[in-house]
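Assemble the whole structure, with the sequences as input and the hints as a guide.
There are 2 protein chains.
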Amino acid sequence: MAAPISLYFDFASPYAYFALDGIERLAEMHGRDIQWRPILLWAVFKAHGIAPPMEVPAKREYFEADMKRSATFHGIGDYRHPTRLPLSTHRAARLFYDLQGSDTATAHAFGREVFSAFFTRDEDISDEETLVEIAARAGVSSSDARNGMNGETGRAQLAAMTDAAISDKVCGSPWIIIDGEPFFGADRLPQIGWRLAMT
Amino acid sequence: MAAPISLYFDFASPYAYFALDGIERLAEMHGRDIQWRPILLWAVFKAHGIAPPMEVPAKREYFEADMKRSATFHGIGDYRHPTRLPLSTHRAARLFYDLQGSDTATAHAFGREVFSAFFTRDEDISDEETLVEIAARAGVSSSDARNGMNGETGRAQLAAMTDAAISDKVCGSPWIIIDGEPFFGADRLPQIGWRLAMT
Numbered sequence: 001m002a003a004p005i006s007l008y009f010d011f012a013s014p015y016a017y018f019a020l021d022g023i024e025r026l027a028e029m030h031g032r033d034i035q036w037r038p039i040l041l042w043a044v045f046k047a048h049g050i051a052p053p054m055e056v057p058a059k060r061e062y063f064e065a066d067m068k069r070s071a072t073f074h075g076i077g078d079y080r081h082p083t084r085l086p087l088s089t090h091r092a093a094r095l096f097y098d099l100q101g102s103d104t105a106t107a108h109a110f111g112r113e114v115f116s117a118f119f120t121r122d123e124d125i126s127d128e129e130t131l132v133e134i135a136a137r138a139g140v141s142s143s144d145a146r147n148g149m150n151g152e153t154g155r156a157q158l159a160a161m162t163d164a165a166i167s168d169k170v171c172g173s174p175w176i177i178i179d180g181e182p183f184f185g186a187d188r189l190p191q192i193g194w195r196l197a198m199t
Numbered sequence: 001m002a003a004p005i006s007l008y009f010d011f012a013s014p015y016a017y018f019a020l021d022g023i024e025r026l027a028e029m030h031g032r033d034i035q036w037r038p039i040l041l042w043a044v045f046k047a048h049g050i051a052p053p054m055e056v057p058a059k060r061e062y063f064e065a066d067m068k069r070s071a072t073f074h075g076i077g078d079y080r081h082p083t084r085l086p087l088s089t090h091r092a093a094r095l096f097y098d099l100q101g102s103d104t105a106t107a108h109a110f111g112r113e114v115f116s117a118f119f120t121r122d123e124d125i126s127d128e129e130t131l132v133e134i135a136a137r138a139g140v141s142s143s144d145a146r147n148g149m150n151g152e153t154g155r156a157q158l159a160a161m162t163d164a165a166i167s168d169k170v171c172g173s174p175w176i177i178i179d180g181e182p183f184f185g186a187d188r189l190p191q192i193g194w195r196l197a198m199t
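Residue numbers (the working numbering), protein chains in the order written: chain G, 1 to 199; chain L, 1 to 199.
Misleading hints may appear alongside valid ones.
Just so you know, same-sequence chains aren't split out, so a pair can sit in one copy or run between any two.
The list that follows gives simulated cross-link-like pairs (lysine to aspartate or glutamate, EDC-like), each with its CA atoms no further than 20 Å apart [stated by the list, open to error]:
#1 LYS68 / ASP124
#2 LYS169 / ASP127
#3 LYS46 / GLU28
#4 LYS68 / GLU129
#5 LYS169 / GLU61
#6 LYS46 / ASP33
#7 LYS169 / GLU181
#8 LYS169 / ASP124
#9 LYS46 / ASP122
#10 LYS68 / GLU123
#11 LYS68 / ASP21
#12 LYS169 / ASP179
#13 LYS68 / GLU55
#14 LYS68 / ASP33
Calculated from the structure, these hints are not laboratory results.
Rendered as structure tokens:
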């Protein structure tokens with residue numbers, strides 16, 4: 001089987017949410033696994049000296065409108081634009097990595113629940129209690145959820161993956177790497193399909 | 001006829017070049033004119049406090065590769081990545097506006113020759129003598145070309161249009177406005193088609 005596709009993203013990134021189903025479809029079609037790599041995008045921006053787009057007023061106005069329009073364009077009928085954006089996703093990402101240590105399917109189910117909670121119900125995915133409820137929807141007990149968010153495994157893995165993103169020169173979310181070649185943004189899906197068909 | 005589509009762009013923007021044929025096709029299909037609005041993107045970035053992407057090392061590396069890949073993806077077989085990027089496009093834009101004052105078709109023909117010169121032959125489109133040759137390919141005499149580049153009409157129009165771009169909160173190139181709604185980038189063509197079909 002060909003090498004897995006790396007999918008770097010931040011759980012607070014609407015464009016990552018918009019891209020997820022399409023990337024999974026393309027990966028399956030071309031016999032690739034996807035390695036989910038949630039990161040802290042603000043830390044990556046900081047390391048590269050990039051101003052977060054949502055902190056530049058003219059860009060923020062455009063992206064707020066584009067996110068809502070793109071949700072409709074991508075067929076996400078139940079999209080609700082988050083009122084908390086940007087927000088810190090370190091607890092969600094740490095729990096993701098902790099779950100992944102024992103079971104990738106549960107980690108992915110939890111990740112999908114985080115996205116749904118943030119982008120269809122406007123829940124506060126930075127909050128520990130909210131994340132415990134979100135994790136329960138993926139079948140994770142509240143004690144496992146709390147331990148995962150606060151334990152050493154998730155913390156160390158998130159730090160390592162954010163460092164990997166910096167050395168891979170990630171500049172946004174979603175950031176997809178196929179056989180060493182990076183693709184940025186939900187709107188690169190057609191090029192990703194085209195690229196995968198060549199391999 | 002519905003209102004024209006505004007197409008803000010910088011002559012040195014590969015993504016503007018990649019989008020041009022597609023936007024023209026969509027505009028024609030939906031009975032719209034396109035108002036070409038060449039601007040100085042660096043001046044717009046400066047006004048908005050945006051760091052030019054090509055000056056951020058990690059972004060530059062990505063975009064250099066993405067531009068070459070996107071050219072192939074968009075079917076531009078004779079693309080040559082410019083060795084002079086970024087460069088100043090004020091002379092080209094001034095001459096464009098001067099020509100447009102008397103004849104839009106000649107101005108567009110000149111604009112297309114500027115794009116071809118820069119993106120398929122790596123010519124120096126900041127240089128006055130080179131621009132005289134480029135203008136000749138669009139049927140413009142060398143005296144008209146020199147006067148257009150250096151005269152008051154083109155200078156004033158470019159300044160006015162760059163100011164309009166700032167007040168329209170343009171953040172990149174190409175920047176397309178349809179009935180007041182902005183779309184950024186060559187990869188928004190599918191959404192532009194979808195939006196035009198609704199009007």
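Tested hints:
Taking the shortest alpha-carbon separations for LYS68 and ASP124, only the intra-copy value of 19 Å comes in at or below 20 Å, while the best inter-copy value is 40 Å. For a Cα distance limit of 20 Å, the shortest separation of LYS169 from ASP127 qualifies neither inside one copy, at 29 Å, nor across copies, at 34 Å. In this assembly of identical chains, the alpha carbons of LYS46 and GLU28 never lie at most 20 Å apart, being 34 Å within a copy and 44 Å across copies at closest. In this assembly of identical chains, the alpha carbons of LYS68 and GLU129 never lie at most 20 Å apart, being 28 Å within a copy and 47 Å across copies at closest.
Proximity of LYS169 and GLU61 under a CA criterion of 20 Å is satisfied inter-copy only: 9 Å between copies versus 26 Å inside one chain copy. Taking CA atoms no more than 20 Å apart as the test, LYS46 paired with ASP33 passes in neither setting, with 30 Å inside one copy and 42 Å between copies. With identical chains, the CA atoms of LYS169 and GLU181 are at most 20 Å apart within one copy only, with a shortest distance of 11 Å there and 32 Å across copies. Taking the shortest Cα distances, LYS169 and ASP124 never come within 20 Å of each other, neither inside one copy (29 Å) nor across copies (30 Å).
Taking the shortest alpha-carbon separations for LYS46 and ASP122, neither the intra-copy value of 26 Å nor the inter-copy value of 35 Å comes in at or below 20 Å. Taking the shortest Cα distances, LYS68 and GLU123 sit within 20 Å of each other inside one copy (17 Å), while across copies they are farther apart (41 Å). For the identical chains of this complex, LYS68 and ASP21 are intra-copy neighbours only, at 17 Å inside a copy versus 27 Å across copies, given an alpha-carbon limit of 20 Å. Taking the shortest Cα distances, LYS169 and ASP179 sit within 20 Å of each other inside one copy (15 Å), while across copies they are farther apart (37 Å).
Taking the shortest alpha-carbon separations for LYS68 and GLU55, only the intra-copy value of 18 Å comes in at or below 20 Å, while the best inter-copy value is 29 Å. In this assembly of identical chains, the alpha carbons of LYS68 and ASP33 never lie at most 20 Å apart, being 29 Å within a copy and 27 Å across copies at closest.
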